[in-house]
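Enquirer: Sequence:
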Amino acid sequence: MVLRSYSQWATLALAVTAVAQTTTSCNPMDKTCPADAGLNKYRLNTDFTSGSLGRWNTTSGTVTSTDLGAKLTVSEQGDAPTIESDFYIFFGHVDVTMRAANGTGIVSTWILESDDLDEIDWEQVSTWDTEIQTNYFGKGNTTSYDRATTVTVSTPEETFHTYSIDWTSERIEWLLDSEVVRTLEYADAVDGTNYPQTPMRIRIGIWAGGDPDNSEGTIEWAGGETDYTAGPFSMYVESVNIVNYNPASAYKYTDKTGDYTSIKATNATTSTNLGTSNSSSIVASGRTSTSAKASSSSVASSSTSAPVATSSSILVSAAPVSYYTSMFAISVISSEEEQLFDYSPYRYYPAYIGEIFEDRYQVCSKLGWGSCSTTWLARDLSDKKYVALKVYIHNSVYHRELPFYRHIAPYMSSDHPGRENIRRFFDSFTVTGPDGRHIVLVQEPACISLFDLKQSMPEERFPEEMVKSILTELLQALDFLHTECKAVHTDVHIGNLLACGSDSENSKFKDIEESEMDNPSARKQVSHDRTIYASRAILPKQGPLRLSDFGEARIGPGPYDYPAMPMPLRAPEIVLEVPWSYPIDIWCVGLTACELLGLNRLFNSDHTAGDMYEAAHFTELIAVLGPPPAAFLALNPEKAAEFWDEEGRWKEIVPIPEMGMLDSLEGQMGLPLAFVEFMRRTLVWMPNERATAKDLLEDPWLKE
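For the sequence shown, the residue numbers in mature numbering (1 follows the signal peptide of the UniProt record, and there is no 0) are -25 to -1, 1 to 679.
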């Protein structure tokens, strides 16, 4: 069956009614086009029951205002009433609350659509009764129609439901009444090629898929021919709420790649509205979160550190206030999570120091942040110990870390030494913030990542003997995962290796809590109920190395046949699109060894190379490892033929750079030949020829 996207059918309907679209026909991938008008604010909420369309234009048919909202009606053949925003957004969250139309073959839909034909859809076909379809297209690529999925929904033609899309540079999530029902990762859309990633406008409309003039396949998909005499058929749009993750007055394509990194935002919002990384206002008082779970032990901020008694007789601490006048008052990267490309405050839960979760965990200090979470030091008021709270962004309801921890739980009581090198997990819960639900993991608190610790080392490198110790503990962790748990980490690097204090070092975390009282963290208020705090680093005295961040881990040995690993770290089999398993973790062990020793990163190609990424990555692999063996190319001859000729010669799509072979590492910084031999066992073209973690634990270089 051949299915068309809504935008294609709406275009046909508009052509029938001879009503011109107000959108540009200029495709930025073909020629230079005018900039897209942007939404220069973070939020825009439209209540269509008020009688006003606000910043929405009627581009086809007739749209009327009613007490139920905007009414879009199909009365006769050719009707396809549509409204669209007069602006574009560049990554964001959109909630559309609507009631679909009834009638055989009638389709109620809302979409995000870009000038270069990226598209994300919700479509409800009346004949389906209890199902609604999600879909997406990248750059108008309609060569296959396997992207659509259906979701069960209760009485969509009688009941108003909220159909949402949360769209970032990393993933797209479709939500039905605030519950995630589908997730698309960037890498899963043909490694980003078909991933919608350019500025989008919002279109809402109704059309007759069952029109007698449509193709037989379309009429069949729509559930049969539309009988217009049974009409009219109306959908109602109650409201549209938008969060624009990158507010700006305009978005300009700077080249013809169609890649999100090529988009330039003009007059991007900074200190206005809610503020971004350019805003530097500092607060001098705490606040009480209106979004936190109600608790008899919740405490508002105070300028004193005296304990406060609660109804449950548990002593909790009053939150301190900051008296700093600049975010640079302590040694941290300015603006914290705000520096992320697609940062939006609405994705993050607005945790604050002093807040209590689950009537049990009181936040003491901020420890760190990432693209999907923030991490906080907290006191467990029940068990009287310190824990780390990893608070995920609200659109990470579906993720792999919690299922991973549940999977390995039975193995954590084994006598394998590697279990001591896995970050401890204690508990999980969800918390509702102003913009959605957030998963929270309760974990062992860590002192500092090796990435951050490396920055404080002389010449930003670790001594060779220390590197051997680190790699030994990392290999123990991987051997435990691979042999006991049957799991693949997929994301091994020094940022995910944590130096943890021993159980006896609770005093170190207590020092942090007391320091927060005596010397409060710098902070910046970005709205009346949201504050960004500076993170605190903790230098460890002793204790094990822990492998952490299992958000991309895979349970089971595989093999897996879809992309994984950060682009610059990708093993050869990932780039060749060959099924992969445990050996990709061993590949990262070699790269980690180089980074710990302060050697130049061996491979640097990433998505900024566009369509040439794979070729660029292969050239670096050739430069360091030498030409691949014929057996490697035979793993996927069709893919290999894109880069090598029939004789196995590189096609020179991208020139091979002048980089040192592995042998050149000998002597650098006094490293011995034994180190080079260790590297040769990890960085190997053929995945089945890489050493296992157990084998590497006996490597002569590590044993010296």
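By construction, these hints were calculated from the structure, which means they are not laboratory data.
Each hint should be verified, as a subset may be incorrect.
[Unchecked claim] Taking lysine to aspartate or glutamate pairs in the EDC-like style, the calculated list, with each CA pair at most 16 Å apart, reads: (1) Lys626 to Glu613; (2) Lys360 to Glu489; (3) Lys114 to Asp166.
[What the hints assert, rightly or not] The calculated label-pair distances, taken between Cβ atoms and stated as ranges, are: (4) Thr407 to Gly26: 42 to 48 Å; (5) Asp5 to Thr137: 55 to 61 Å; (6) Asn242 to Asp202: 29 to 35 Å; (7) Asp202 to Ser25: 33 to 39 Å; (8) Asp202 to Asp163: 56 to 62 Å; (9) Asn242 to Lys359: 32 to 38 Å; (10) Pro647 to Val165: 39 to 45 Å; (11) Glu200 to Asn32: 28 to 34 Å.
We put the beta carbon where it would ideally sit given N, CA and C, even for glycine.
Enquirer: If a hint holds in the structure, say so; if it does not, say that too.
Expert: Hints, one by one, checked against the model:
no., hint, result
1, Lys626 to Glu613, "14 Å, holds"
2, Lys360 to Glu489, "15 Å, holds"
3, Lys114 to Asp166, "14 Å, holds"
4, Thr407 to Gly26: 42 to 48 Å, "32 Å, violated"
5, Asp5 to Thr137: 55 to 61 Å, "36 Å, violated"
6, Asn242 to Asp202: 29 to 35 Å, "51 Å, violated"
7, Asp202 to Ser25: 33 to 39 Å, "34 Å, holds"
8, Asp202 to Asp163: 56 to 62 Å, "40 Å, violated"
9, Asn242 to Lys359: 32 to 38 Å, "52 Å, violated"
10, Pro647 to Val165: 39 to 45 Å, "44 Å, holds"
11, Glu200 to Asn32: 28 to 34 Å, "31 Å, holds"
In this structure, the earlier hints numbered 4, 5, 6, 8 and 9 are contradicted, and the remaining ones agree with it.
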